[in-house]
Amino acid sequence: MAVRQLSIFIENKKGRLSEAIKSISESDINIRALSIGDSADYGIVRMIVSDLDKARNLLGENILSKITSVVAVKMDDKGGALYKILRTLEEAEINLHYTYAFTSSKQFGAYVVLRVDDVEATEKLLSGKGFELATDEEISE
Amino acid sequence: MQRYYQPDIETASREEIVKIQNEKIVKQVRHVYDNVEYYRNLMDKKGVKPEDIKGIEDIHKLPFLKKDDLRECYPYGLLATDLKNCVRIQSTSGTTGKRVVAFYTQHDVDLWEECCARAIVAAGGSDEDVVQVAYGYGLFTGGAGLHGGAHKVGAMTLPMSSGNTERQIQFMMDLQSTILCCTPSYAAFIAESLKDRGYKPEDNKLKAGIFGAEPWTEEMRQAIEEGLGIKAYDIYGLTETSGPGVAFECSEQKGMHINEDHFYAEIIDPDTGEVLPEGEKGELVFTALDKEAFPLLRYRTRDICILTRGKCSCGRTHVKMCKPMGRSDDMLIIRGVNVFPSQIETVLLNEGYTPNYMIYVDRKNNTDTLDIDVELSVDQFSDNIADLQEREKKLAAAMRTMLGIGPKIHLVPPKTIQRSEGKAVRVVDNRKLHD
Numbered sequence: 001m002a003v004r005q006l007s008i009f010i011e012n013k014k015g016r017l018s019e020a021i022k023s024i025s026e027s028d029i030n031i032r033a034l035s036i037g038d039s040a041d042y043g044i045v046r047m048i049v050s051d052l053d054k055a056r057n058l059l060g061e062n063i064l065s066k067i068t069s070v071v072a073v074k075m076d077d078k079g080g081a082l083y084k085i086l087r088t089l090e091e092a093e094i095n096l097h098y099t100y101a102f103t104s105s106k107q108f109g110a111y112v113v114l115r116v117d118d119v120e121a122t123e124k125l126l127s128g129k130g131f132e133l134a135t136d137e138e139i140s141e
Numbered sequence: 001m002q003r004y005y006q007p008d009i010e011t012a013s014r015e016e017i018v019k020i021q022n023e024k025i026v027k028q029v030r031h032v033y034d035n036v037e038y039y040r041n042l043m044d045k046k047g048v049k050p051e052d053i054k055g056i057e058d059i060h061k062l063p064f065l066k067k068d069d070l071r072e073c074y075p076y077g078l079l080a081t082d083l084k085n086c087v088r089i090q091s092t093s094g095t096t097g098k099r100v101v102a103f104y105t106q107h108d109v110d111l112w113e114e115c116c117a118r119a120i121v122a123a124g125g126s127d128e129d130v131v132q133v134a135y136g137y138g139l140f141t142g143g144a145g146l147h148g149g150a151h152k153v154g155a156m157t158l159p160m161s162s163g164n165t166e167r168q169i170q171f172m173m174d175l176q177s178t179i180l181c182c183t184p185s186y187a188a189f190i191a192e193s194l195k196d197r198g199y200k201p202e203d204n205k206l207k208a209g210i211f212g213a214e215p216w217t218e219e220m221r222q223a224i225e226e227g228l229g230i231k232a233y234d235i236y237g238l239t240e241t242s243g244p245g246v247a248f249e250c251s252e253q254k255g256m257h258i259n260e261d262h263f264y265a266e267i268i269d270p271d272t273g274e275v276l277p278e279g280e281k282g283e284l285v286f287t288a289l290d291k292e293a294f295p296l297l298r299y300r301t302r303d304i305c306i307l308t309r310g311k312c313s314c315g316r317t318h319v320k321m322c323k324p325m326g327r328s329d330d331m332l333i334i335r336g337v338n339v340f341p342s343q344i345e346t347v348l349l350n351e352g353y354t355p356n357y358m359i360y361v362d363r364k365n366n367t368d369t370l371d372i373d374v375e376l377s378v379d380q381f382s383d384n385i386a387d388l389q390e391r392e393k394k395l396a397a398a399m400r401t402m403l404g405i406g407p408k409i410h411l412v413p414p415k416t417i418q419r420s421e422g423k424a425v426r427v428v429d430n431r432k433l434h435d
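Residue numbers (this note's numbering), protein chains in the order written: chain A, 1 to 141; chain B, 1 to 435.
Excised from the complex, chain A in its bound form (with noise of 0.2 Å):
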């Protein structure tokens, strides 16, 4: 159920990023999704792709990438969707490691991506209280 995310370390200097993204660019990969948390020294760039493996393959072994499950709910385009989601997320006392949203096009939605150490259960959690969660495989389409 859950979606696969691709993460990958970089350092905090001009050109970096730019230089990461160049080795997936020159394939047919969509970048769905993006998201940069960093520090000082370092950022830490997140992704959904439209094809994570062949990415992650072409970034090779000179970047250092790593694959995280987290969950990506459907949100309702009105006020306070966000909210209803992290509400729940408290409620249960799960707790957020970071989160970021997008939008597709093709499945006319927002999403919210949450990064949370239960995948599973959280899953399981928002999927009864009636929120919708993407796959892998609508993402990528």
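Keep in mind that the hints are not guaranteed to be accurate.
[Claimed, not checked] Keeping only pairs whose Cα atoms sit at most 25 Å apart, straight-line, the calculated BS3-like set for lysine-lysine is:
hint, chain 1, residue 1, chain 2, residue 2
1, B, K61, B, K84
2, B, K415, A, K66
3, B, K205, B, K195
4, A, K14, B, K54
5, A, K54, A, K22
6, B, K19, B, K54
7, B, K46, B, K24
8, B, K254, B, K311
9, B, K432, B, K364
10, B, K408, A, K13
11, B, K61, B, K27
12, B, K415, A, K13
13, B, K66, A, K13
14, A, K22, B, K231
15, B, K415, A, K54
16, B, K393, B, K364
17, B, K394, A, K66
18, A, K78, A, K129
19, A, K13, B, K393
20, B, K408, A, K14
21, B, K195, B, K207
22, B, K24, B, K66
23, B, K393, A, K66
24, B, K19, B, K45
25, B, K432, B, K415
[Unchecked claim] Interface residues of chain A toward chain B, partial, derived using beta-carbon atoms under 10 Å:
hint, residue
26, Q5
27, S7
28, I8
29, A40
30, S65
31, H97
32, K129
33, L133
[To be verified] Partial chain A-side listing against chain B, Cβ under 7 Å, derived:
hint, residue
34, F9
35, G43
36, R46
37, L64
38, T135
These are calculated hints, taken from the structure and not from any lab test. Ideal placement from N, C-alpha and C gives every residue a C-beta, glycine not left out.
With chain A's structure known, arrange chain B on it following the hints.
Leaving out everything else, chain B in the frame of chain A:
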């Protein structure tokens, strides 16, 4: 004003000093040979007997001691007397792999403190002074040495230890300290802190400072002298020989007089071990002439230095050493703490990192900084920043435990630190420590 703490010996003629050294070395070699099995074996291996040492000119026949020997002998292997005769232990900065533990009898403590007293008097100190000791107290020899020296002089001693600058300044002002003893970088920091609080150099009562335990330049001396409105004097020593006070600067502020009635100095070629003539640059070697508990003979300091015996305007006759001009090993002195790159490597390996790292040392606002680039491996990479920050914190804490000072850790992607085919360059020292 008193000019010398022990005038007879400090201004003794060359002949008198040599006579003292001759007597002491013969006795000392016998003492060490009889009581220290490790050194006896070294002498036997070299085919030297105590009776071969008839005077100080025979000292070159003796084997050297190196830091590795001290490590091998930890803790009691070089002890030359019964433990019950010892009254004190001091140690080099908390560094597991390279720790040196030095033992002192009361006689050893006294001679060490007398050496420090000579330094204090040379800096213009007397029983009318208030000596603020802002070196670290504890196992580190800085605090204990100058504290004892100030007592011997009869000065009022402020045992501040290092740090807590707010309190240093309060005591300095309220109790009117006249002599400050600390590392030069801390002195510079105190000067800056005073300025930040709106004090002018003439607002304090300080007249002199005795600064050592780390390398410093003439520029730094000038900055400290102007910032505090004092005369700044250098002092030299190491735990292996006793602590600070082995050598000290006089009013000339040009080189440090070695207390050669207690410590005999030689300059050798670090590669061949050959003794070099006066005035030539080489590695400084010390022999403790009359210490009882931990008497190192021909100890290689790894400090590169020059000895000179010209006439000094202060009237002291003892040989002078210049400020150390570098090291013949890879040891770094950072905030007064001895750091070996190998220790940093040990911590990295213990904590599961690769031995690929770069050490950057710099001096910012007169304080040494230590930054270490460390490569992150695939298994260690987390997409969660908090995890990586936790990693940096944990590694910095492990470094602090090993080194005694905390570095700033920088995680870098794998294979970004340059690989070298020959001798790897692991250290970039951007400080300008030597003129």
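Quick rundown of the hints versus the structure:
no.: 1; hint: K61(B) <-> K84(B); verdict: violated (32 Å)
no.: 2; hint: K415(B) <-> K66(A); verdict: holds (16 Å)
no.: 3; hint: K205(B) <-> K195(B); verdict: holds (15 Å)
no.: 4; hint: K14(A) <-> K54(B); verdict: violated (69 Å)
no.: 5; hint: K54(A) <-> K22(A); verdict: holds (14 Å)
no.: 6; hint: K19(B) <-> K54(B); verdict: holds (12 Å)
no.: 7; hint: K46(B) <-> K24(B); verdict: holds (22 Å)
no.: 8; hint: K254(B) <-> K311(B); verdict: holds (12 Å)
no.: 9; hint: K432(B) <-> K364(B); verdict: holds (11 Å)
no.: 10; hint: K408(B) <-> K13(A); verdict: holds (18 Å)
no.: 11; hint: K61(B) <-> K27(B); verdict: holds (16 Å)
no.: 12; hint: K415(B) <-> K13(A); verdict: holds (16 Å)
no.: 13; hint: K66(B) <-> K13(A); verdict: violated (44 Å)
no.: 14; hint: K22(A) <-> K231(B); verdict: violated (60 Å)
no.: 15; hint: K415(B) <-> K54(A); verdict: holds (22 Å)
no.: 16; hint: K393(B) <-> K364(B); verdict: holds (22 Å)
no.: 17; hint: K394(B) <-> K66(A); verdict: holds (22 Å)
no.: 18; hint: K78(A) <-> K129(A); verdict: holds (18 Å)
no.: 19; hint: K13(A) <-> K393(B); verdict: holds (22 Å)
no.: 20; hint: K408(B) <-> K14(A); verdict: holds (22 Å)
no.: 21; hint: K195(B) <-> K207(B); verdict: holds (17 Å)
no.: 22; hint: K24(B) <-> K66(B); verdict: holds (22 Å)
no.: 23; hint: K393(B) <-> K66(A); verdict: holds (22 Å)
no.: 24; hint: K19(B) <-> K45(B); verdict: violated (29 Å)
no.: 25; hint: K432(B) <-> K415(B); verdict: violated (30 Å)
no.: 26; hint: Q5; verdict: holds (7 Å)
no.: 27; hint: S7; verdict: holds (3 Å)
no.: 28; hint: I8; verdict: holds (9 Å)
no.: 29; hint: A40; verdict: holds (8 Å)
no.: 30; hint: S65; verdict: holds (8 Å)
no.: 31; hint: H97; verdict: holds (5 Å)
no.: 32; hint: K129; verdict: violated (25 Å)
no.: 33; hint: L133; verdict: violated (20 Å)
no.: 34; hint: F9; verdict: holds (5 Å)
no.: 35; hint: G43; verdict: violated (9 Å)
no.: 36; hint: R46; verdict: holds (6 Å)
no.: 37; hint: L64; verdict: holds (5 Å)
no.: 38; hint: T135; verdict: violated (20 Å)
Violated hints for the displayed structure, listed by number in ascending order: 1, 4, 13, 14, 24, 25, 32, 33, 35, 38.
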